[in-house]
Each structure stands twice: as structure tokens, then as C-alpha cells.
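> Below are the chains, spelled out letter by letter.
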Amino acid sequence: MKPREGEGHGPADFDTTFREQYEPMVRSLSVACGDREAAADAVQDAFTRAFVRWRKISRYDDPAGWVRHVALNRLRDHFRRSERGRRAVERLGGQTDHVVDGPEPPAEAPDALAGAVAGLPKQQRIAVALYYVEQLSVLDVAATMGLSEGAVKYHLHAARTSLREVVEAP
Amino acid sequence: MTDHLSPDGLGFDPLDDALGRALRDSVPGTGDADATLAALRPRLESARRRRRAAVAGASALAVLAIAALTFAVVPGGGGNVNTPPANRPDGATTTTTTTLTPTPTEPVTAPTVAPPGGSGSGATTATTDDKGGSSGSGDDSGSGDTTPTTDDKGGGSDDTSGGSQVGGCSGGEGGSNRGPGC
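Protein chains in written order, with our numbering: chain A, 82 to 251; chain B, 10 to 191.
Hint data in this document are derived by calculation from the structure and do not stem from the laboratory.
Keep in mind that the hints are not guaranteed to be accurate.
In silico DMTMM-like cross-links for lysine to aspartate or glutamate, where the CA-CA straight-line distance does not exceed 25 Å [what the hints assert, rightly or not]:
| hint | chain 1 | residue 1 | chain 2 | residue 2 |
| --- | --- | --- | --- | --- |
| 1 | A | K234 | B | D43 |
| 2 | A | K137 | A | D94 |
| 3 | A | K137 | A | E101 |
| 4 | A | K234 | B | D26 |
| 5 | A | K203 | A | E164 |
| 6 | A | K203 | A | D126 |
| 7 | A | K203 | B | E54 |
| 8 | A | K203 | B | D43 |
| 9 | A | K234 | A | D142 |
| 10 | A | K137 | B | E54 |
| 11 | A | K137 | A | D126 |
| 12 | A | K137 | A | E118 |
| 13 | A | K137 | B | D26 |
| 14 | A | K137 | A | E164 |
| 15 | A | K234 | A | E246 |
| 16 | A | K203 | A | E249 |
| 17 | A | K234 | B | D34 |
| 18 | A | K203 | B | D25 |
Derived CB-CB ranges, DEER-like [stated by the list, open to error]:
| hint | chain 1 | residue 1 | chain 2 | residue 2 | range |
| --- | --- | --- | --- | --- | --- |
| 19 | A | G166 | B | I75 | 15 to 25 Å |
| 20 | B | R50 | A | Y141 | 47 to 57 Å |
| 21 | A | D158 | B | R50 | 35 to 45 Å |
| 22 | A | E249 | B | R61 | 49 to 59 Å |
| 23 | A | G231 | B | A77 | 46 to 56 Å |
| 24 | B | A71 | A | A239 | 22 to 32 Å |
| 25 | A | E164 | B | S55 | 21 to 31 Å |
| 26 | B | A67 | A | R165 | 54 to 64 Å |
| 27 | A | R168 | B | E54 | 47 to 57 Å |
The beta-carbon is built from N, C-alpha and C at its ideal position, and this holds for glycine as well.
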């Protein structure tokens, strides 16, 4: 898709956007949820939804922001369903071997930092992932999470306080 | 500490850089984005086909709904057809009157009375002629066919003058309904 003549900001190209944004999104959402496969599925699903509406979405100011927002919502839905399933198994007396959205670190956490991030509350975890891993601005993080700028700063400050010991530890 | 403010002015120290670097290093790369895009291409095309089919179906449904609505709303679509009258001059109005036809009643037949000595043909028709009641003696000499008439000239009422109401035997005498000729 070529930019239109006479327009300063032409529509974005889908392939280019995918190549530039896919990996950072998957990385940040992997940190946010602790499940790399689920993060990759959510991002791919978001790009698929964007693809069928690309004529419209490409004219947005930030098409990648739309995709990121959709991917985050898909991830939330995914873990909401997982949580319901886990609770149902617990009610039936069984035991789950995989806690994805709880305070415990995921099984694939490689080090103490990842474990500490996984132990953060959900909003703090998402804010940290978007801000530190994907290196978005506070404004973009707020837009992606649907929060105010002040709320994002609060979550980042609280998360940073919690992670300070792990980072400064030798 | 204050010389390393983040772009958003959060006042974070170099801990931010270390934190960001450590977090990015903790997540392995996803591999080649082009390969992922190529693998995703059939799924993208399938999604696009589904989307087009859904849009086409919705459009067809909308067109059908509009057509049905138009057919229902437009006057004359409901089956009422106004046709001008055929072969009728302008201004002519037609009035339909309903007349009740009376049922025929039994006709009153005049009694045929043969005069006692009359030489008439017998078909004497009674005549009510109430002129003073003096002519009620009957006219037996009549030749017959006289039409019964009721002529109430100058006479009193029928009852008092003895005029016959029925029949042709008029008579004023005695107040009898029947004249002497009857």
C-alpha cells in the first residue's frame, strides 16, 4: 500500500507494520502475562483482525496502537477464561498444575527478576511490560491500557519500588 | 539521581535503564517476523474472505429489508386499486335508490249482482254516486259496464248518507250500505 500523494501522513503498510511491531509486542505481552505462546497468539489474532479492516485502520494516527490494544484485550480474555477454568477445577476437587494469572511466577520464569515481575499485580505488570520492554511513552501506555496518565505513573512507581531490591541485588 | 530523568518526568534514576535492560534480556526473541508473516498469510486471507462474505450477506439483507419496507409503505401497494369509471360523462352522478316494491294484495273484486228484473247484461258495476243520496235507487236499466266511481260531491259522509263503500249498489235511503237495488 503506497502512501497517497498529497497527504503528509499516508496510510501505513500492513506488512511493514507487522515486521516492525510484531516482535516488540510479543515480548512485552510475554512479560505481562508470563506466557509466551499466549502472547504470540494474542498478537497474531490482533493483526488478523487489523488485516481485514486495514483500509480503515491504516489511516489511524497509530495503527500499531490499535493492534496493541486489541492484543492486550485478547490476552485479558484468554486469562479470564483460564482463570474461570482453574477455579472450576478447584471446585471440583482437582488441582491445576498451571497458574497463569495468579501471583505466583510462571513455570518458565528464568530468573529472579522475571519471578518478581510475575508477582506484581496485573496492572503494574502490564504497565512495566509496555513501558520497559516495549519502551512506550507513558501516554501510549495509558492509551493502550485505557487508563489516565496519572494512573499509569502510579502503577509504574509502585512496580519500580517492588522491583528495586531484585535489580539492585548483586 | 536527578540527572537521569526519564522522558516522562517520573524522576526515575538509572535503575530504570537497568530494569528495562534486564527485562528485555529475560524475554527471548521471537525469530524472523517475515517467516511468521508468511505462516500467518493463509489465516489472514481466510479472515478476509469471511469478512467479505459477512459484509455481502449483511448488504443483501439490508437491500431486502429496504425493498420489503418500500413495498409495504408505498400507497397502492396494499392492493387498493382506484379505477376511473368507464363510459360515464363528466359530472354525471349516479344515485342509487332502493325502492321497496309493495307486495301485491288481493284485489277487491266488485260483487257481481244480478238485478232482479233488470235487463242488463248483468255486469253491473256498482257506482257510488252520493249526490244528495237521491240516486240510490239503482240503475237497473243500465247497460252494464259502468265503472265504479266514488264521487263524493256535495254529499255527506259515506256512512251517514248511506253511500255504499263496497259494491255498486248505492243507496242513500235508510242508511243501508246496500241500496235497494242490491
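> All hints are to be evaluated individually against the structure, with a verdict given for each.
Checked hints:
1. A:K234 / B:D43: 35 Å, violated
2. A:K137 / A:D94: 12 Å, holds
3. A:K137 / A:E101: 19 Å, holds
4. A:K234 / B:D26: 17 Å, holds
5. A:K203 / A:E164: Given that 25 Å is the threshold and the Cα spacing comes to 13 Å, the pair holds.
6. A:K203 / A:D126: Holds: K203 (chain A) and D126 (chain A) sit about 21 Å apart, inside 25 Å.
7. A:K203 / B:E54: 34 Å, violated
8. A:K203 / B:D43: 31 Å, violated
9. A:K234 / A:D142: 23 Å, holds
10. A:K137 / B:E54: Holds, because 17 Å separates the two Cα atoms, which is no more than 25 Å.
11. A:K137 / A:D126: With Cα atoms ~17 Å apart, K137 (chain A) and D126 (chain A) stay inside 25 Å; holds.
12. A:K137 / A:E118: 29 Å, violated
13. A:K137 / B:D26: 37 Å, violated
14. A:K137 / A:E164: 34 Å, violated
15. A:K234 / A:E246: Given that 25 Å is the threshold and the Cα spacing comes to 20 Å, the pair holds.
16. A:K203 / A:E249: 23 Å, holds
17. A:K234 / B:D34: 23 Å, holds
18. A:K203 / B:D25: Roughly 20 Å between the alpha carbons, so the hint for K203 (chain A) and D25 (chain B) holds.
19. A:G166 / B:I75: 15 to 25 Å: 45 Å, violated
20. B:R50 / A:Y141: 47 to 57 Å: For R50 (chain B) and Y141 (chain A) the Cβ distance comes to about 23 Å; the hint is violated.
21. A:D158 / B:R50: 35 to 45 Å: 25 Å, violated
22. A:E249 / B:R61: 49 to 59 Å: Since the Cβ atoms of E249 (chain A) and R61 (chain B) sit about 55 Å apart, the hinted range of 49 to 59 Å holds.
23. A:G231 / B:A77: 46 to 56 Å: 53 Å, holds
24. B:A71 / A:A239: 22 to 32 Å: 50 Å, violated
25. A:E164 / B:S55: 21 to 31 Å: At 30 Å between Cβs, range holds.
26. B:A67 / A:R165: 54 to 64 Å: At 32 Å between Cβs, range violated.
27. A:R168 / B:E54: 47 to 57 Å: 38 Å, violated
In this structure, the earlier hints numbered 1, 7, 8, 12, 13, 14, 19, 20, 21, 24, 26, 27 are contradicted, and the remaining ones agree with it.
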